[in-house]
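If you read the protein sequences in the order shown, they are chains A and B.
Take the first sequence: its position 64, counted from the start at 1, is 63 in numbering that gives the first Met the number 0, and no numbers get skipped.
Take the second sequence: its position 104, counted from the start at 1, is 103 in numbering that gives the first Met the number 0, and no numbers get skipped.
Careful, some of the hints might be misleading.
What the hints assert, rightly or not - One-sided excerpt, in silico: chain A residues whose CB lies under 10 Å from chain B:
| no. | residue |
| --- | --- |
| 1 | Glu13 |
| 2 | Pro44 |
| 3 | Asn105 |
Since the hints were made in silico from the structure, they are not lab data.
Glycine included, each C-beta is placed from N, C-alpha and C at the ideal position.
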Amino acid sequence: MRIGILALQGAFVEHAAMLDRLGAEHFEIRQRRDIDRSFDGLILPGGESTVMRKLLHDLDLFAPLQQQIREGLPVFGTCAGLILLAKSVEGGTPCFETMDISVLRNAYGRQPGSFYAEEHMEGLGRVPMTFIRAPYIRSVSGSAEVLAVVDGNIVAARQGNQLVTAFHPELCDDLRVHLVFLNMIRNKN
Amino acid sequence: MEKSRYELNKELAQMLKGGVIMDVTTPEQARIAEAAGACAVMALERIPADIRAAGGVSRMSDPKMIKGIQEAVSIPVMAKCRIGHFVEAQILEAIEIDYIDESEVLSPADDVYHIDKTKFKVPFVCGARDLGEALRRIAEGASMIRTKGEPGTGDVVQAVRHMRAMNADIRRVQNLREDELFEAAKQLQVPVELLRYVHENGKLPVVNFAAGGVATPSDAALMMQLGAEGVFVGSGIFKSGNPAKRAAAIVQSVTNYTDAKLIARLSEDLGEAMVGINENEIALLMAERGK
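Turn these sequences into a full structure, and let the hints guide you.
So this is what it looks like as structure tokens:
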């Protein structure tokens with residue numbers, strides 16, 4: 000199993016460290032030629048979604064990655080990565096538009112609004128959640144299902160082979176959310 | 000488990016990694032920077048090159064001007080306060096700035112003490128020329144470090160010197176015996192716990208960016224290859240001929256900082272770079288402020 004981590008900007012090293020601990024092979028995607036080899040899963044990390052969206056287009060990564068996600072490549076988006084997958088983005092421009100979720104950017108305001116919580120996530124129980132200038136999901140539609148709700152706001156969801164969290168599992172010492180993603184790749188049909 | 004405000008503030012800096020933070024003086028420039036791929040902007044009334052040209056006392060920017068920039072963009076907005084001026088910092092915190100730069104670019108308000116940054120909710124970034132300065136700022140509560148460089152010159156030599164000095168210090172500390180750390184901490188004038196972190200991890204406990212004199216895509220890539228985790232570009236963008244194009248080129252160059260072919264292409268037709276002044280032609284060394 001090989002997992003590509005989008006490494007255009009943001010906290011991609013942190014995801015690599017989680018995959019190392021889980022013994023999963025991974026590589027960085029910084030430009031078009033990096034995705035010439037085949038891979039089994041894609042991680043879209045936290046960072047600034049505006050920067051990543053621009054670089055995806057400038058570096059000719061947008062179209063091939065969008066096509067692979069549409070064809071069922073398992074993908075895990077955290078924070079900015081969640082925004083990149085959403086069909087609708089309030090306060091921003093949609094990117095891949097592959098997931099039936101409507102997202103509010105900077106939903107908790109500026110940095111003073113960043114927070115940490117331990118809340119329930121479907122199938123996992125209590126999970127540590129770090130929110131940094133985070134978005135949340137206003138609504139899901141189609142086959143998208145809600146996985147976690149904090150203070151009445153949706154902060155994790157899944158649709159087919161796509162998994163998203165508004166928080167950063169890669170910033171906590173808890174491997175379970177990444178493990179969910181690895182199992183999604185294993186069980187992909 | 001609980002996570003402290005300080006942890007959350009360090010983590011915001013982690014989200015900025017691999018990105019370019021650009022100095023802007025107007026909402027219009029802020030929008031250009033965001034569209035070009037800046038991961039954050041630094042709002043200030045005058046860019047360092049103009050501060051240098053104007054002389055006199057340089058202070059925190061007008062909060063109204065900063066708010067105008069906060070409204071113009073959706074990415075994080077930083078602003079500078081003077082070294083030691085904790086009331087300017089309180090004001091910036093009151094307007095919900097995302098990051099405060101306690102900066103040697105402005106005139107220092109205190110020639111002995113830096114701000115006790117542990118008393119604030121808002122995160123701080125501080126400049127440093129070597130490991131000692133960096134760890135002293137971190138001990139005071141900084142959650143992000145940048146090289147000082149020599150702002151407003153378009154001359155990258157000092158940023159290079161500071162990044163090399165920092166990394167050489169880190170390698171040296173890594174190679175010490177554990178019982179030598181106490182004496183090293185005394186010499187560097189830093190807390191031994193922070194030095195122990197560097198000894199064990201081979202890096203600073205916070206994110207470390209390059210700043211000062213970065214003017215071209217190759218300058219930015221140079222700093223990344225020397226170990227910076229991201230880059231601040233001050234005067235280099237809006238003092239150049241084609242700011243939007245230069246900004247976008249620097250952003251791409253930071254992402255693919257080892258790909259010389261790509262950087263060659265990015266360096267074409269960028270128009271006039273900022274003129275720049277050599278470090279030995281200037282009277283005022285801002286990097287000497289705040290040790």
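Just to be careful: measuring from the Cβ of Asn105 of chain A to every Cβ in chain B, is the smallest value less than 10 Å?
6 Å, holds
Next item in the hint list is Pro44 of chain A. Is there a CB on chain B closer than 10 Å to its CB?
9 Å, holds
Should the interface hint for Glu13 of chain A be scored as holding, given a Cβ-Cβ cut-off of 10 Å against chain B?
7 Å, holds
No hint from the list above goes unmet by this structure.
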